[in-house]
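**Student:** If you read the sequence shown in the working numbering, its first letter stands for residue 1, the second for the next number, and so on.
Derived by calculation from the structure, the hints in this document are not laboratory data.
Be careful, since some hints might not be right.
To be verified - Simulated restraints on C-beta separations:
(1) Leu11 x Thr55: 19 to 29 Å
(2) Leu11 x Lys43: 12 to 22 Å
(3) Gly103 x Gly16: 36 to 46 Å
(4) Ser30 x Ser59: 30 to 40 Å
(5) Ser52 x Ser116: 31 to 41 Å
(6) Gln13 x Ala105: 29 to 39 Å
(7) Ser117 x Ser54: 15 to 25 Å
(8) Ser101 x Gln13: 36 to 46 Å
(9) Gln39 x Thr69: 34 to 44 Å
(10) Gly66 x Ser117: 18 to 28 Å
Ideal Cβ positions, reconstructed from N, Cα and C, are used throughout, including at glycine.
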Amino acid sequence: QVQFVESGGGLVQTGGSLRLSCAASGITFSINNMGWYRQAPGKQRDLVATISRSTGIRSYADSVKGRFTISRDNAKNTVYLQMNSLTPEDTGVYYCRLYSSSGGAYWGQGTQVTVSS
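Construct all of the structure, not just a fragment, from the sequences and the given hints.
**Tutor:** Dropping the structure here:
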């Protein structure tokens with residue numbers, strides 16, 4: 001059974017920074033990609049960033065390019081999201097997601113990020 005420990009969320013002022021982490025355990029399969037999604041109140045869950053476990057190739061939503069950086073530690077099955085220059089539009093619940101090489105996907109429990117104006 002895959003389990004996640006997400007941390008790093010919280011309350012920050014506009015222009016501030018936060019670093020999210022998501023550690024996965026119980027992995028018995030090959031991991032393809034890891035990523036972060038966010039869901040603002042009343043809105044759908046949207047992709048923020050992904051990173052390939054093997055190549056380290058990253059992709060970002062346009063709204064976070066240049067401000068957010070995704071990284072991973074393969075030995076720890078952990079993915080990080082460094083978030084800088086935060087704005088109130090970045091407020092939401094951030095979820096990590098793990099993609100297996102066989103096509104399966106697993107969600108973290110989510111961590112709240114609130115950016116005050």
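**Student:** Mind checking the hinted window 34 to 44 Å against the Cβ distance between Gln39 and Thr69?
**Tutor:** violated, 21 Å
**Student:** Would you say the C-beta atoms of Leu11 and Thr55 sit inside 19 to 29 Å of each other?
**Tutor:** Because 35 Å falls outside the window, the suggested range is violated.
**Student:** Just tell me: holds or violated, for the beta carbon distance of Gln13 and Ala105 against 29 to 39 Å?
**Tutor:** holds, 34 Å
**Student:** Please check whether Gly66 and Ser117 have a Cβ separation lying inside 18 to 28 Å.
**Tutor:** Roughly 21 Å apart at Cβ, these two residues keep to the hinted range, so it holds.
**Student:** That 30 to 40 Å hint for Ser30 and Ser59 (C-beta), does it hold up?
**Tutor:** violated, 20 Å
**Student:** Taking the beta carbons of Gly103 and Gly16, is their distance inside 36 to 46 Å?
**Tutor:** holds, 37 Å
**Student:** When you take the CB atoms of Ser101 and Gln13, is the distance between them in 36 to 46 Å?
**Tutor:** With Cβ atoms ~41 Å apart, the hint holds.
**Student:** So the hint says 31 to 41 Å: do the beta-carbon atoms of Ser52 and Ser116 match that?
**Tutor:** Holds, at about 34 Å.
**Student:** With respect to the beta-carbon atoms only, verify the hint that Leu11 and Lys43 lie 12 to 22 Å apart.
**Tutor:** With Cβ atoms ~20 Å apart, the hint holds.
**Student:** Could you see if the CB distance from Ser117 to Ser54 stays within 15 to 25 Å?
**Tutor:** violated, 40 Å
In terms of the numbered hints stated before, the structure departs from hints 1, 4, 7 and 9, listed from lowest to highest.
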